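Asker: Read off the chains here:
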Amino acid sequence: MSEYIILSIFLFLGAFIAAAATVTGLLLGYRTKNTANKMAPYECGMETIGNARIQFKVGYYLFALLFLVFDIEALFLFPVMMNFREIMAGHTPLSPMIVLIDLAIFIVILVSGLAYAWKKGILKWE
Amino acid sequence: MERKVCAHIQCRLGPMRLGWHGTIQTVADVIKMLFKEVYAPSGADKLMFYLAPLIVLIAPFIVCALIPFGRNLVVADVSMGIPLIIAVNGFGVLGILLGGWSSNNKYSLLGALRSGAQMISYEISFTMILLFVVMISGSTNLMSITLGQEGTILDWWIFKIPVLGIVAFILFFISSTAEMNRAPFDIAEAEQELTGGYHTEYNGTPFAMFYLAEYIALVTNSALATTCFLGGFLPPCIGVAFVDNYLNMVPGVVWFFAKVYFMIWCYMMVRWTFVRPRVDQLMDFEWKFLLPVNLVLLATGAAYIVIWG
Chain A
1 MSEYIILSIF LFLGAFIAAA ATVTGLLLGY RTKNTANKMA PYECGMETIG NARIQFKVGY
61 YLFALLFLVF DIEALFLFPV MMNFREIMAG HTPLSPMIVL IDLAIFIVIL VSGLAYAWKK
121 GILKWE
Chain B
1 MERKVCAHIQ CRLGPMRLGW HGTIQTVADV IKMLFKEVYA PSGADKLMFY LAPLIVLIAP
61 FIVCALIPFG RNLVVADVSM GIPLIIAVNG FGVLGILLGG WSSNNKYSLL GALRSGAQMI
121 SYEISFTMIL LFVVMISGST NLMSITLGQE GTILDWWIFK IPVLGIVAFI LFFISSTAEM
181 NRAPFDIAEA EQELTGGYHT EYNGTPFAMF YLAEYIALVT NSALATTCFL GGFLPPCIGV
241 AFVDNYLNMV PGVVWFFAKV YFMIWCYMMV RWTFVRPRVD QLMDFEWKFL LPVNLVLLAT
301 GAAYIVIWG
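Protein chains in written order, with our numbering: chain A, 1 to 126; chain B, 1 to 309.
The set of hints was computed from the structure by calculation and includes no laboratory data.
These numbers were taken from a predicted model, which means no experiment stands behind them.
The reader is advised that the hints may include incorrect statements.
[As the list claims (entries may be wrong)] Below, computed lysine-lysine pairings styled on BS3-like, alpha-carbon distance capped at 30 angstroms: (1) B:Lys46 <-> A:Lys124; (2) A:Lys119 <-> B:Lys46; (3) A:Lys57 <-> B:Lys46; (4) A:Lys57 <-> B:Lys288; (5) A:Lys120 <-> A:Lys57.
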């Protein structure tokens with residue numbers, strides 16, 4: 001448990017350093033008048049056209065969905081993989097053969113998902 | 001150091017003025033950054049704008065705490081080391097997306113979106129390779145992964161499993177390069193297309209924080225590669241007692257940092273050597289090549305363990 005407390009200390013340390021740096025920058029930084037030209041978002045020196053909250057492609061969202069599937073899948077595989085050597089050596093009550101078949105089914109379902117997405121053209125970036 | 005390596009590859013000297021061969025150039029850069037003006041552009045979401053560097057910096061700090069530097073030198077020796085690293089890595093994407101969106105700039109938004117899509121894609125192969133390491137070492141604790149490589153240089157995970165280890169190491173190298181948004185996979189901040197990517201609108205210290213996070217991530221990823229493949233803090237013994245005695249006299253921390261520096265040097269060499277692929281090539285490479293290869297690697301690794309234990 002104490003390890004996780006140390007980790008949270010590190011978390012706050014990281015946040016603190018960034019916050020402290022920002023505040024120091026705000027305090028020490030050189031200042032000029034806030035003119036409209038200075039505050040305008042950069043657009044190659046032209047006057048800014050419209051708002052930056054533009055519409056973007058739905059493709060990004062689909063990639064995110066695929067990522068979600070595969071990441072969670074990897075998370076599910078972790079406990080099995082951790083004990084894979086022992087299961088295969090027969091040190092656990094589980095039967096090595098059944099575990100292997102289960103794993104194969106799991107992976108095949110995933111891969112067919114990927115193949116489906118591929119065929120549907122989700123992976124194509126136009 | 002980055003600029004020094006870059007300069008040498010391009011047959012230049014790099015920074016020379018400050019200290020011996022420009023060693024304290026970094027300090028000067030930090031001081032310069034501190035005295036730059038900090039402001040958010042008009043229309044930016046101020047809270048999010050200042051929050052983003054915070055989030056980006058947190059992630060590499062936590063990973064830093066998890067890496068074992070020596071036999072008893074680890075800040076937090078948690079049993080779920082590798083899943084935690086993966087989780088924390090996902091955190092960094094959040095900061096980048098937040099930073100890009102909140103700056104009210106089209107370049108930033110596009111850069112952040114690309115960067116987000118790229119990082120999450122490569123995170124999958126990153127996870128898969130760590131899964132492979134977990135499978136052959138039978139543990140998610142980084143300390144026991146390191147100690148599992150005790151023995152000679154051939155007991156390191158990169159050499160212990162013939163061919164597969166080296167393939168996994170190369171795949172790890174590729175996906176971690178993309179994961180860190182470093183060239184040649186830096187489409188997120190391709191200067192020619194997107195000016196600065198997600199941190200176009202940042203200046204002064206918040207910008208420095210993004211930069212710092214990127215370089216800490218470089219160090220932690222090298223450290224992770226060292227731990228998972230190159231034997232961490234273990235000396236490169238060759239099995240001859242006479243030589244090994246001398247190698248064992250050098251403390252583990254020294255070996256660890258020597259390997260980490262070697263890895264960083266490799267990342268830099270790659271950065272200044274290869275050209276940048278297009279965004280669609282990059283995504284194709286991940287989803288249509290790296291991911292299937294990773295699955296095959298995992299399956300072969302499993303077969304190896306089943307057949308030869």
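Asker: Now look at each hint and say whether the structure bears it out.
Answerer: Each hint tested on the structure:
no.	hint	result
1	B:Lys46 <-> A:Lys124	violated (36 angstroms)
2	A:Lys119 <-> B:Lys46	violated (43 angstroms)
3	A:Lys57 <-> B:Lys46	holds (26 angstroms)
4	A:Lys57 <-> B:Lys288	holds (20 angstroms)
5	A:Lys120 <-> A:Lys57	holds (16 angstroms)
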